[in-house]
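Student: Protein chains in written order, with my numbering: chain R, 1 to 324; chain A, 325 to 695.
Simulated from the structure, these hints should not be mistaken for laboratory data.
For every residue, glycine included, the Cβ atom is placed at its ideal position computed from N, Cα and C.
Fair warning: there could be bad hints in the mix.
[As the list claims (entries may be wrong)] Across the chosen pairs, the derived CB separations fall in these ranges:
# : chain 1 : residue 1 : chain 2 : residue 2 : range
1 : A       : 674       : R       : 22        : 30 to 40 Å
2 : A       : 359       : R       : 222       : 53 to 63 Å
3 : R       : 235       : A       : 348       : 49 to 59 Å
Take a look at the letters that make up each chain.
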Amino acid sequence: MGKYIIRRFLWAIPVLLAIITATFLLAHSIPGGPFDYAGEKQLPESVRQNLMRKYRLDEPIYVQLGLWIWDALRFDFGPSYYSRGQTVNDILRRTFPISAQLGILSLLLALLIGIPAGTIAAVKQNTPLDYTATFVAILGVSIPNMVLGPLLIWIFSVHLGWFPAARWGVDYTQLYLGFFPPLTHKFWSHAFLPMITLGTAYSASIARLTRASLLQVIREDYMRTAKAKGLHGFRVIVVHGLRNSLIPVATVLGPMFAGIVTGSLIVERIFGIPGMGRYFVDSITNRDYPVILGTTLVYSVLLVLGNLLVDLSYAWLDPRIRYD
Amino acid sequence: MRYALSLILPGLGHIFAGFYGRAAIFLGATLLNGGVLGLAVARGRLVWLAQGVSARMYKSYWFSSVILVALLGLLWLGALWDLYRLGRRPEQVGQSYWNLVGRRFRKDPKGLLGAGIILVMLYLALFAPFFARDDPLKMDLYNVRSPPSAEHPFGTDHFGRDILDRVIYGSRTALGIGAVATLLNMVLGGVLGLLGGFYRGATDAVIMRFLEIINSIPFLLFALLAVSIFGSSIPILIIVLGIFGLQPARIIRSEVLSVREEDYILAAKALGVGTWRLIFRHVFPNAIASLLVTTTMSIGVNIIVVAGLSYLGFGVKPPTPDWGAMLGDAQEFFRTAWWMAVFPGLFIMITVFGFNILGDSLRDVMDPRLK
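With these hints in hand, go ahead and build the complete structure from the sequences.
Tutor: Given below as structure tokens:
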């Protein structure tokens, strides 16, 4: 097991290098440079060249790539070209916790709704309850973020006025900093709608998977054994059945993790949340190379870690699986 | 006699020969396409009847008219061919795996609903100029953001363009990009999966590592970068989506790996069957059920992703009607003009719902273990 983890970590290094190199080359091939304009006005050629030299953008591209990787190894992602006076580290430190909170909350919500809903549907197979749950789940998978988000805002913010429509962490910057947010009413009222928007599709697909795999598990012999030795029905389902049926669910958590990253770009724009995703979209428009690279690296590291966690969770869920 | 009847109207020959189920399908299809033809003629929008249209709309008319004529021709030929086939091997009718799937499918309300939704959307996309009332790009600056009314059932947008017409035309980019990108996924993923499963060893290892890297890439980030470099033309969007959705590779690979150990493959090899024939005649049919389900579902996913890119302003370019881009435009006017967001949103949702529910039903229907 230990060996396996080490091997996976070592494999992550070339993967991340490949991603970073590709991002670097792609980012630098976007037409135009970071210092072409100051506001609406075009910068004079001499000023532009001085700035390019200052940030070493006149060097050959492989030198720039090497310099960036060397700095990144020491967790220094360089200055932002666009937001003057801020480093990429500053930006990440400010925006990452917000994105992470949104992502983790949505994932938790997805699991908390999806697994019980799927279990109930499987236990009550072919009853109206099951059909309703299946129908709602397919509907939930089919609503994209950019449809659900505005819809929720329209109902709950504009008409009912229950939740604020935007401004997560804008008024109360101090309150929302830090990785573990204070669980106050203010926090939840801002987090609620984005969380639902991002989490709904995932809770729906988790529910469908849980139902499908629990239905297979229920027919296994050991389930009959458990019932035969007189265990309580609830215990049979939850302890003996659910754990075995969660393996397919764990399989999709990897891609789902990626989906949450992607979805956050859109959800952050809908709700005006100052997270990493919004910075990324802006940084592409502004040719802000260090910010593009920094955010991509953070997202990729998260994805690689997420995939690793998923693989390890198999071993925990199903002791027959061994890595050596 | 039956052929003569079939020449008059596809399906009549089937009634004469006693195949009532097939007759219903052919007659229904003829009625549907005939209805579209009637609509096009009544509105004077068949390209050969149309007069005084702009060059852009002319192209659009031409595309739909040619497709309609081709569909009708296929229907007539298909009915004749089907009759001929049925006449030659009457004892085999209704016995194949696909007949079984078809019979199960007809009893599944989920699948019928999904297929119905997709059919409607497909016809909207193919024959948009016949259904829409006007040019989707026509602006009316005196009539900006007007709420739904008799004249504009879905209201107008911030340039006074009719939202109903734009939504109808928007199905073209959504379905077109979604379907072609999925096709590309299948071809690329299929080739990789077959290679990996068949040659195993080093080839397989390289392919699996490659898939892992693709899986570790934050897709949307790369899509945004690629679109910024190459411009957001529709072919570029298709290529980007096609490269990143390679899930079919894993399915085919695992199917090949499990099938290649079977005795009948050994027998085929012993008979001297070549590699390609082995793949297409013996391995592929085993994978086709899971492939069809994945295809259906991933069209839905691709539609959502394209809409997301367009929503962020990195997808289909502005004047072209597109559901995602319409949602992006609506964001700004959301509090005052809800209809700008609600209708395109509803269409995305219904379409993706159609593909998901059809995929769900296909999974049940095509499972050979459930008899």
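Student: Look at each hint and say if it fits the structure.
Tutor: Against the structure, the hints:
no., hint, verdict
1, A:674 to R:22: 30 to 40 Å, "37 Å, holds"
2, A:359 to R:222: 53 to 63 Å, "57 Å, holds"
3, R:235 to A:348: 49 to 59 Å, "52 Å, holds"
Violated hints: none; the structure is consistent with every hint.
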